[in-house]
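Please build the complex by placing chain P on the supplied structure of chain C, with the hints as guidance.
Protein chains in written order, with the working numbering: chain C, 1 to 220; chain P, 1001 to 1220.
Accuracy of the hints is not assured; some may be wrong.
[As the list claims (entries may be wrong)] If the Cβ cut is set under 7 Å, some of the chain P residues that face chain C in the computed set are: (1) 1022; (2) 1109; (3) 1116; (4) 1184; (5) 1185; (6) 1187; (7) 1194; (8) 1197; (9) 1200; (10) 1201; (11) 1208; (12) 1211; (13) 1217; (14) 1218; (15) 1219.
Quick caveat, the hints were computed from the structure, so don't treat them as lab data.
Remember, predicted model here, so these are calculated numbers, not experimental data.
Ideal placement from N, C-alpha and C gives every residue a C-beta, glycine not left out.
Each chain, written out:
There are 2 protein chains.
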Amino acid sequence: MDIALLGGTGDIGEALALRLAYDTTHSIRVGSRDAERAEAKAEEYLNELDSRGLDPDLTGHANAEAAVDADVVVLAVPAYHLADTIEAVADGLSGVLVTPAVGMKRDDDGLHYNPPGAGSVTALARDAAPDDIPVVGAFHNLPAGRLADLDSTFEWDTVVIGDDGDAKRTVMDIAEGIEGLRALDGGGVANAGEVEAITPLLVNLASENEGLHGLGARFQ
Amino acid sequence: MDIALLGGTGDIGEALALRLAYDTTHSIRVGSRDAERAEAKAEEYLNELDSRGLDPDLTGHANAEAAVDADVVVLAVPAYHLADTIEAVADGLSGVLVTPAVGMKRDDDGLHYNPPGAGSVTALARDAAPDDIPVVGAFHNLPAGRLADLDSTFEWDTVVIGDDGDAKRTVMDIAEGIEGLRALDGGGVANAGEVEAITPLLVNLASENEGLHGLGARFQ
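Only chain C is shown next, with the shape it has when bound in the complex (with noise of 0.2 Å):
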C-alpha cells in the first residue's frame, strides 16, 4: 500500500515512517510543505533502516505530491495546521485520510485536552475533507520518542474512530503491521474526544510518576 505522511519530518511522522518501514513492506512518502527538507529526512531515514540491514521503498515528497494518488494520507501535523494542510492537498486525494493530532494547551496544572469546536479534532478533519474521503482517526496516544527508536520494544494499543467501517478496517490493518501494537475499533468520529484527550494524561503521568516516560495505552 502507498502511504504518505504530511508533516512526515516531524516527530510522530518520523516515528510512523521509521516503524512502517521496519515492520511492513507499504511504500512510505515522507511529506513535508518543504520538499527539500522531505528528501534531507527520508535519506536520513533511509540510513537508520539501512544500517539494520532493511532498504524499503521510502521517498520524500513536497506535501501535495506525497499525497496524489496514495492509498492512506496520514496527516502527521499539530492540529492547527490540520485544516490548511488538507486544503493544500484536497485536489489529489483518493484513499483514506488518517488524523493522530490531539489539540492540548498546558497551564500551571498540566497539560490538557483542548478540543477545537467540532468536537475533537478527528471531526474537524472530518469537517475539512471532501466529501467522498473517508476520515478515520488513529495514532493519538503513541509516544513518538520511543516509537521511533527501533531498539523499543512495547505493547500499546492505538484506538482507531471513524464513521466509514472499510477505511477503518484499512487503517486498523496497518497499525497492526506494527509490532507490538494493537489496534482497537473505537466506534464513530462521535466518540473521538475521549480517544485523543488520553494524550495530555500520558504526558501528565509522565510527568507526575518517577521512572515512567515515553507512555503508550493498553486496555486489558
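Then chain P, alone, in the frame of chain C:
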C-alpha cells in the same frame, strides 16, 4: 485504616469492598442510604470472603454512620448523587474523601464523557466538600464486574488525582494494596477530566471489539 464505602451496595462499592477485604487488612464499612440493606450486603460479602477462608473486619451501616471518623470515605455513588451524599454525611467527616464517579451520557454512537459544570466530577466533589476535607479522585476506570470477581486477575492502573499531596498518598497506598492494581499520580484536581473520560472509552471498546470485556487501562 477505617475505610467507609458510601453506596457500598452498588457495583463499584461491592467490588472495592470485596477486593479491599480480600487483599488488605483495612476495616471496611459498607454504607447505604438504607442501613438494613447495607447490613444485608455486608453479610453477603462476608459469606463470599468466608468461603475463601477469610474473616475480615467488614460491617454494614447507614451512610452517615459509616462516614463518622473514617480515615477514608469513598463516594461509590452515581455522579448525580455525589453532592447530596456529601451533604448528608458532612458533619461526621474528618478524613479523606474519595470520588470514583464519572459523568457519562449515552447516544447512538456509544457512551460519552459528560462532565458537570465544575469541569469534572472530582472538581464537583471538591466544591461540595467541607473546606477542611481533602478530596481525591481515584478508582475511576475499573470494571466493577471483574474487580468484584475474586477469581479474576488483572494488571490495571488507577490514576489518583488531588490537590492535597498527603491525602493523595494515603489513597494511592490503599489502592496499591489491591493485587494487580498500580496507583499513578495524576496531578491536581484540574487534571481529573482526562482521567474520568477514560471510563466511557473503555465501555465503548468492550462493545466495539469482539472478545474484549471488563476492560481497565495500563499505562506503560
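Consistency of the hints with the structure:
1. 1022: Given a least distance of 21 Å, the restraint on residue 1022 (chain P) is violated.
2. 1109: Given a least distance of 4 Å, the restraint on residue 1109 (chain P) holds.
3. 1116: Violated. Min distance 16 Å.
4. 1184: 5 Å, holds
5. 1185: Residue 1185 (chain P) check passes; min Cβ-Cβ to chain C is 4 Å, inside 7 Å.
6. 1187: The hint holds - residue 1187 (chain P) has a Cβ within 7 Å of chain C, the shortest such distance being about 5 Å.
7. 1194: Since chain C brings a Cβ to about 4 Å from residue 1194 (chain P), closer than 7 Å, the hint holds.
8. 1197: 5 Å, holds
9. 1200: 6 Å, holds
10. 1201: 4 Å, holds
11. 1208: 4 Å, holds
12. 1211: 11 Å, violated
13. 1217: With a minimum Cβ separation of about 6 Å from chain C (threshold 7 Å), the hint on residue 1217 (chain P) holds.
14. 1218: Check passed: Cβ of residue 1218 (chain P) comes within 5 Å of chain C, closer than 7 Å.
15. 1219: With Cβ-Cβ at 5 Å, under 7 Å, it holds.
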